[in-house]
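Visitor: Protein chains in written order, with my numbering: chain A, 35 to 653; chain B, 35 to 653.
Since the hints were made in silico from the structure, they are not lab data. You may find that some hints are simply not true.
For identical chains, the list gives no copy identity; a pair is met inside one copy or between any two copies.
To be verified - The calculated lysine-lysine pairs, modelled on DSS-like cross-linking and capped at a C-alpha distance of 25 Å, are:
id, residue 1, residue 2
1, K587, K514
2, K611, K110
3, K512, K553
4, K412, K293
5, K453, K339
6, K243, K507
7, K456, K171
8, K433, K412
9, K412, K611
10, K412, K448
11, K52, K587
12, K171, K293
13, K540, K456
14, K514, K603
Nothing here was measured: the structure is a model prediction, and the numbers come from that model.
2 protein chains.
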Amino acid sequence: MKMDSDFGIARELSDLQKLRAQYQPQLPPCLEGTTVRVEFGDGTTTADPHGAHTISRSFPHSYGQPLAHFLRATAKVPDAQIITDHPPIRVGLVFCGRQSPGGHNVIWGLHDALKVHNPNSTLLGFLGGSEGLFAQKTLEITDDILATYKNQGGYDLLGRTKDQIRTTEQVNAAMAACKALKLDGLVVIGGVTSNTDAAQLAETFAEAKCQTKVVGVPVTLNGDLKNQFVETNVGFDTICKVNSQLISNVCTDALSAEKYYYFIRLMGRKASQVALECTLQSHPNMVILGEEVAASKLTLFDITKQICDAVQARAEQDKYHGVILLPEGLIESIPEVYALLQEIHGLLRQGVSADSISSQLTPWASALFEFLPPFIRKQLLLFPESDDSAQLSQIETEKLLAHLVEAEINRRLKDGTYKGKKFNAICHFFGYQARGSLPSKFDCDYAYVLGHICYHILAAGLNGYMATVTNLKNPVNKWKCGAAPITAMMTVKRYGRGPGTQSLGKPALHPATVDLKGKAYELLRQNATKFLMDDVYRNPGPLQFDGPGADAKSVTLCVEDQDYMGRIKRLQEYLDKVRTIVKPGCSQDVLKAALSAMSSVTDILSVMSTPSNSGNTPF
Amino acid sequence: MKMDSDFGIARELSDLQKLRAQYQPQLPPCLEGTTVRVEFGDGTTTADPHGAHTISRSFPHSYGQPLAHFLRATAKVPDAQIITDHPPIRVGLVFCGRQSPGGHNVIWGLHDALKVHNPNSTLLGFLGGSEGLFAQKTLEITDDILATYKNQGGYDLLGRTKDQIRTTEQVNAAMAACKALKLDGLVVIGGVTSNTDAAQLAETFAEAKCQTKVVGVPVTLNGDLKNQFVETNVGFDTICKVNSQLISNVCTDALSAEKYYYFIRLMGRKASQVALECTLQSHPNMVILGEEVAASKLTLFDITKQICDAVQARAEQDKYHGVILLPEGLIESIPEVYALLQEIHGLLRQGVSADSISSQLTPWASALFEFLPPFIRKQLLLFPESDDSAQLSQIETEKLLAHLVEAEINRRLKDGTYKGKKFNAICHFFGYQARGSLPSKFDCDYAYVLGHICYHILAAGLNGYMATVTNLKNPVNKWKCGAAPITAMMTVKRYGRGPGTQSLGKPALHPATVDLKGKAYELLRQNATKFLMDDVYRNPGPLQFDGPGADAKSVTLCVEDQDYMGRIKRLQEYLDKVRTIVKPGCSQDVLKAALSAMSSVTDILSVMSTPSNSGNTPF
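Hey, can you work out the whole structure from these sequences and the hints?
Guide: Here it is, written out as structure tokens:
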């Protein structure tokens, strides 16, 4: 870790950065002022009916807690309570996992909310991520320190190191830090892994009667912390806009030079959310989603053939250029490559050195391994990540596919099935160059509001909750703020995946993969042929902060069904209404009608909620 | 080439693109209205005193023509003439070489100028670059066609294919096209290669009494068409801004994660202009300019050591991250690699297959070749480009250096000289993703104005000129418009470079390398230590079209001496003044003083202008 004195120092900002530092995100009406009301909904279950029991057993203190909605002081909700007592509190905040644009604004929002409710409250940032938490290295957040970090990218105000707070030793170190620093709250900023850790911390703290309440915040550029309660993640909007700018530039380049196929791999871990969104923004010729490949069990050869057929169809229209997007998780979605990776990772975990692995593979895996070009072999031999996946950012799937496609096109050229010009590929990986970007207006607003919500969660005394904002596709003044128990978002894997991996049945947040029945994917399918053949490239341009495009939201966010929290509330209103209408003393007819109707409703819902035998991820 | 019907079709624009399409570039006062005056300066020589004779011999019809300045109709310049006759003319325009942001605006500016002076004039765009010129495939430019291409990136309105118009066959095909299409003018848009070709075409056309006048326009993202008359090139500003955005994002990322060294290679061909400008905009830790390496004759080992020493010095301050920029031309600047490449290219040109080259290298070259990692070997064996350089965009210098640095750091770790943490490198190539960008406001304006100037060059009947704008660091209303004979920008190489390369003494425009005595480089040197050690990363942010940063100009443009054309004019004014004062009839004393002063002035200038034996590139 670098010397502490470097953290929190004021920086020189460029003119644009200065302008951005002046930007004040709006708050939704429910969070304005100091008299926020909190309304509790019904106790939560989880969307995975299989897992509910396992999860409730693993999280006896934090499972089943109600949803919380934050409302305007004037909202006409009888049960909502105004929290009037705001003693000074001490809150710690830690950046976990990979940086995502907007992270700094969570700090800012939380700091503003703390100070407006009690100027004596204290916000401590842990320096260098979870390592700083364990070592109790903190920086007290002040207005001065925040000045040059407002609406700015990166995690460099506090830094970050390791991702996990998981082992007993780590959890104990975290608890010791919270106790030593007398924290009333600990805010964990991160993606699926970090929020799973936050839930575990919350449970452990409750069990140990530690006073610190733990709150999670969904901040991950992968956009894969998605569920009933969480519509999108801080950073996803920015990443997709920056990547789409670059993809569009490459599309323009392809159309100008008319002689290259660009193979572009996109950061985003296992799920293909970033690739899907960028496709909908930029309209490249093709995208190969990991989810499609996994669902159709496509082999490497199938994918190669699919791309070659596209190249050939375009050549028949005299087109020798194109842009093809590949999510970095694609490589693991190809069944035979996944199986090979599992064997390799198993051997690596047994301590077999990378050099001698190839001789210890099963004959089938060995055959595939030897078939692959040397550069990919070397990359597949890298030690797996802490979440059990391969080092996706290091595996150049784009080069592998370009290589295989070139070989296949040359074969077709020889046997006369392909009659076009030479196939030329150029490969790119778009990842790190987007991750440090200035956050988009949306991400600035979203993160700032989430920071405020963290305060209200703590003020309401809640533990093991994630801050949530729903209705995000609408303007900020329509946003709905709330909190949901992290356990309600968990699922349980029903089978292990090879030796040494996560043990069977451990509840966790899992990356939400692209829903192949969802509206965003449907939009892609409807346009796939046009994208492939007609070069209807779309260029959203560089990230803007004013004027057209500055308020654009991600396409997936806008087309998907939303406001689950709102609908849950509306359902409660219906139930309350039935109860009011069918009060004792109502007519027999009304009661009969109510009974008959409610009986069929409950029948249908019971059938729908019975665990089926389909996949393990409900979204 | 793709079907012609695809060219010039209206496209769907994104909201931001639509806004940009509405932007109307300003014209400097001298080009407003229809009464532009042209003033001719003295006949030109060339900055390379060695070459003047050779150039004049090679270009008997086009060498030594005067500079032209375009002035306001009301300008008080006695000799300037207003061109009043504007018959309808037919002009052809061709995109040569690699696309550069802003190219479309040259078409737009030229079209506007043509039509405002005579609505019956015609502008024909050649489809698919020089191939379209040879094949006489054209698209008539109209307001409708331009609508969705104004201020937009790429070359996709017309496309481009090959770079060169050089062989007798090609030159004849171009002349045939100009004659068949009855062109009064041919506008060639491109960089050093294409403008050299334009000069050759002009000479050949004049010799053959072909009526078509040839005009060149300096459009190249490399920023290497720089000389007394040309301050910068269309596209350079955009490319540097887009790349600087990405470099800054990576710097933020490095500072947040604190565990990676990023090695970033930048597009820009032989010269390191792009790398220098991006360094001055983003302040990464290090840049290794090809010009420095060539001047100091640094070996691959020297460069590796230099980077390792930097990594080690930073580790001693507990810093394990950093960002290092490398121009793509660096690889050719390393003397021993250059020698190796020359051998390889020689053998390739003799028809030796790539597979058998390694066995035919000289022992010394062979030893270096075998020392290099396999992926680089493969890339070095690629056939050279038409300009005799290696395929720079394909050679992953960043990976080679990361590889060598890692090995050296590991060695130092073993022998105890390096005591820090593990060295981790991540490599990037930033090229194609910037090339298709929406052009910056500067490039939109500059290209549009150059387009107008093309018209005035043709209206003045000039042949073999390049359109020029000087005083560019000032606002558009201070820009000075002119034209200079392309031959005045030529230099002559004094030695060949290995077998089969450009023959000795052929005049050409050569890429302007970074001037190691220039102000921009001095600025870099002054800050190098601070950049290296203090992480004073600067983030100009994404390309903006309004507000802070939208009007920012490149740092190199702003610090360098400029307005050569203006100073040439001021000199003429002084000479005229002396002539006026010392008219026959003036006093003996005045005459004596004038003679004495002018005698010493001419002595000094004679000494300064005598050919010295230093390098072959005067800039």
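Visitor: Hint by hint, note whether the structure agrees.
Guide: Now for the hints, and whether the structure bears them out:
1. K587 <-> K514: within (17 Å within a copy, 43 Å between copies)
2. K611 <-> K110: within (15 Å within a copy, 87 Å between copies)
3. K512 <-> K553: For K512 and K553, only the intra-copy Cα distance (22 Å) is at most 25 Å; the inter-copy one is 54 Å.
4. K412 <-> K293: Between copies, since 22 Å is at most 25 Å while 30 Å is not.
5. K453 <-> K339: Cα proximity of K453 and K339: one copy only (16 Å, versus 50 Å across).
6. K243 <-> K507: Classified as neither: same-chain Cα gap 40 Å, cross-chain 66 Å, threshold 25 Å.
7. K456 <-> K171: Answer is between: at 23 Å across copies they meet the 25 Å cutoff, but 58 Å inside does not.
8. K433 <-> K412: both (13 Å within a copy, 15 Å between copies)
9. K412 <-> K611: This pair counts as neither: shortest intra-copy Cα distance 64 Å, inter-copy 75 Å.
10. K412 <-> K448: between (31 Å within a copy, 24 Å between copies)
11. K52 <-> K587: both (24 Å within a copy, 18 Å between copies)
12. K171 <-> K293: Between copies, since 19 Å is at most 25 Å while 54 Å is not.
13. K540 <-> K456: Answer is neither; intra-copy 51 Å and inter-copy 33 Å both fail.
14. K514 <-> K603: For K514 and K603, only the intra-copy Cα distance (11 Å) is at most 25 Å; the inter-copy one is 67 Å.
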